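Trainee: Chain by chain, the residues run as shown.
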Amino acid sequence: MSIWEYANPKKFLTTSERVLPVLWVLAGVLCAVGLIWGFFFTPDDYRQGASVKIMFVHVPAAFIAINAWFMMLVASLIWVIRRHHVSALAAKAAAPVGVVMTLIALITGALWGHQIWGTWWVWDPRLTSFLVLFLFYLGYIALWSAIEDPDTAADLTSILCLVGSVFAVLSRYAVLFWNQGLHQGASLSLDKEENVADAFSNPLYVCMAGFGFLFLVLVLYRTGTEIRARRIRALMMRERMDA
Amino acid sequence: MKSLKKQRRIQVIALTVVALVVATGLIGYAMRDGINFFRSPSQVVAEPPAASEVFRIGGLVEEGSIVRGQGETVRFSVTDGGASVAVSYTGVLPDLFSENEGMVGTGRYVNGVFEASEILAKHDETYMPKEVVDALKEQGVYKEPEGS
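Taken in sequence, the protein lines are chains A and B. For the first sequence, position 160 matches number 160 in my numbering, and the numbering has no gaps at all. Residues are numbered in my numbering as their position in the second sequence, beginning at 1, plus a constant of 1000.
I should point out that these hints are in silico values taken from the structure, not numbers from a laboratory. There could be a bad hint or two in this list.
Under 10 Å between C-beta atoms, here's a sample of chain B residues computed to sit facing chain A [unchecked claim]:
id	residue
1	1002
2	1024
3	1026
4	1045
5	1123
6	1128
7	1129
With a straight-line cut-off of 20 Å between C-alpha atoms, the simulated SDA-like cross-links for lysine to any residue are [stated by the list, open to error]:
id	chain 1	residue 1	chain 2	residue 2
8	B	1002	A	81
9	B	1130	A	41
10	A	53	A	112
11	A	53	B	1006
12	B	1006	A	112
13	A	10	A	225
14	B	1130	B	1101
15	A	53	B	1125
16	B	1005	A	153
17	A	53	B	1124
18	A	53	A	183
19	B	1130	A	50
20	B	1005	A	82
21	B	1006	A	7
The calculated label-pair distances, taken between Cβ atoms and stated as ranges, are [to be verified]:
id	chain 1	residue 1	chain 2	residue 2	range
22	A	243	B	1031	30 to 38 Å
23	A	173	B	1018	15 to 23 Å
24	B	1067	A	25	57 to 65 Å
25	A	159	B	1095	19 to 27 Å
26	A	135	B	1065	35 to 43 Å
27	A	159	B	1064	30 to 38 Å
28	B	1003	A	202	47 to 55 Å
The structure displayed is predicted, hence computed values, not measured ones. Note that the Cβ used here is the ideal one computed from N, Cα and C, for glycine as well.
Bound conformation, chain B alone (with noise of 0.2 Å):
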């Protein structure tokens, strides 16, 4: 950089930065599966992976599909509101898991279940102070906000 004139150092960065740009764009673009973090439902239902494929499946747990069976084993519906997929976990669920909350699941599918080994809570970005929710809820004006 030292012998270059000021003009051609210009130049040079300007090619980096487009050089740079290029590239980004290229490899996000070919490596956009590898480098999302999870399947929608919908993209599995359009695409089922073979059972031996570990992946991720995310989406939000819907209303009224929970089923607790006996032991640990829980059951639920994941959408994205497209489609809906069945998924079935043994294991502790973390805090957060509810209905219409957001998850990803890590698992295979297997014979149009997916059977996850580890299920985690998808947080939003919503907050909202606890009495305030509570107050809404008892004059049930309350609203569940949309889940991502």
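Next up, chain A with everything else stripped away, as it sits in the complex (with noise of 0.2 Å):
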């Protein structure tokens, strides 16, 4: 059995209906527990106080609108290569999602800068970047509905997506290009000692996790919509031809 099988659109609905009720359950428990604890069973921070706890927002906001990309970008590139159309269309299905999660970060960012810097906005590399993901969300969106063609706009906003990567990737890594900027660098990271206390840290791996989950489903659900939107249009047009 291999992985594009899934790429059968009826093999691709029955599979994540069947996931679906699953996922839904540990996505909500997750956020839920993680919001939860992270809101209000968390200390404050010996320097921001209770402004830390915008942090459980703003994190898994932002990783899973910069991560949301780069499926998006797999997703473009599978349709490129192999020419699946479940693939193209839940590329298509996740920008929706993606540019909510960057706007949350945006707006909780702003809200702890204010609190912390002393200003709503800076010109930044890596919010500068963050920024203008933001806004190649939006020109993926508008150019899916600006063209007729199906595959043509497959196959443009799979290029828009490519070109769109640079910022995702310098979102999470301008702060290593570039060191000398106004956000801080990573506070989670695997390979080097820990910045974040525990108290802090374990609440937040539980956010990512729900909102990871949170994502995974909204796309797989939304990726079925477009499954059926496809076919309804395919069978309108069919009857248009028979009458």
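Could you fit the two chains together into a complex? Lean on the hints.
Mentor: Below, the structure is given as structure tokens:
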């Protein structure tokens, strides 16, 4: 059995319908536990006070915002190379989820920045590339609906996705390339020493897992909707031809 | 893309990726001074900007250097370990501003003093519960984390 079997729309729909209820529960429980734990059962930070709690929304949202784009990139490349329609539709379905996550990260970041830095916004390399990523999301969604032919739309949005990946990479790694910015470096990292006390990082990991499952659920759900919408369109066209 | 064979599609994608990476690398390298948000005190001392140029300076607030003068004017030194630059600022400082903490100031470098028009606090990536730090301080074993 190969993974490409799921490129069959019917196989994709039946399998995702079977796993979706489980994923819904997982996403809901993890988000609820993580956010309640983070908001109500964590101590105040020694410098930031209660403002540290913004992290429990900001970090997972930014994490999904950036990784959603990479997921769209992989799905787009599969479409361009292997021509699986489900893959193109999965990329299309992920964009609105990603743009909302980007917006959440931008807004929570501005609130935190106002408290801690003393400004809502600065043209720091990391913040700027993240704003450009937000604009790329909007452009990506607009391009999908601007082109009539679905295959051409999938091709062109794939290229746009490839170009936008530059800013997805920069949003995460700008801190490494241009180290004189206002945004701090990565707080959580697997190889470096721990900067974040366990009292904060444990609920944060739960929130990130919750947001991750939420993203997965929404993308599977929306991809199913896109497949059905395309099927309806095909049926209606056939009917018109028969008439 | 539709008319191309699979082999050719992969080649097109590979070429696009190479072109993007090279273009990004060149732009990022050429504009690194413009993309960097602030200059370090060492850079400012090595190459003092003209008094008319508005730029940002960033570093740690040197320990014991904060002097609160008359009115709202504050004087302190900002350092990156190598060099240190005197700063004067009139206005309200962010809550996080204190000795050994990071800061970024916007202003002009006039006669060896950075006259700031705006001061931002730069937060590093350390997060610790307040109770833990208080307890450590009580025992006298608390060490200031290295700011970035």
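Trainee: Sort out whether residue 112 of chain A lies within 20 Å of residue 1006 of chain B, counting only the CA atoms.
Mentor: Distance ~48 Å between residue 1006 of chain B and residue 112 of chain A Cα, so the pair is violated.
Trainee: Below or equal to 20 Å on CA atoms is what counts here, so check residue 53 of chain A against residue 183 of chain A.
Mentor: Given pair residue 53 of chain A, residue 183 of chain A holds - Cα atoms ~17 Å apart, limit 20 Å.
Trainee: For residue 1067 of chain B and residue 25 of chain A, compare the CB-CB distance with the range 57 to 65 Å and indicate the outcome.
Mentor: Hint holds: Cβ distance 59 Å, inside 57 to 65 Å.
Trainee: Is the hinted pair residue 1130 of chain B and residue 50 of chain A satisfied, with a Cα-Cα distance of at most 20 Å?
Mentor: 10 Å, holds
Trainee: Given the proposed pairing of residue 1005 of chain B with residue 82 of chain A, does the C-alpha separation stay at or below 20 Å?
Mentor: 10 Å, holds
Trainee: Hint check: residue 1130 of chain B vs residue 1101 of chain B, CA-CA at most 20 Å. Holds or violated?
Mentor: 17 Å, holds
Trainee: Under 10 Å, Cβ to Cβ, is where residue 1045 of chain B needs to be relative to chain A, so tell me if that hint holds or is violated.
Mentor: Violated: closest Cβ of chain A sits about 15 Å from residue 1045 of chain B, beyond 10 Å.
Trainee: Would you check the hint for residue 53 of chain A and residue 1125 of chain B, treating anything up to 20 Å between C-alpha atoms as holding?
Mentor: 14 Å, holds
Trainee: For a C-alpha distance cap of 20 Å, please report whether residue 1005 of chain B and residue 153 of chain A respect it.
Mentor: 19 Å, holds
Trainee: Grab the minimum C-beta distance from residue 1024 of chain B to chain A and call the hint holds if it beats 10 Å, violated otherwise.
Mentor: Result: holds, 5 Å to nearest chain A Cβ.
Trainee: Given the hint of 35 to 43 Å, is the C-beta distance from residue 135 of chain A to residue 1065 of chain B inside that range or not?
Mentor: 42 Å, holds
Trainee: Taken at face value, is the distance from the CA of residue 225 of chain A to the CA of residue 10 of chain A at most 20 Å?
Mentor: 12 Å, holds
Violation of the numbered hints given earlier is confined to hints 3, 4, 11, 12, 22, 25, 27; the remaining hints are satisfied by the structure.
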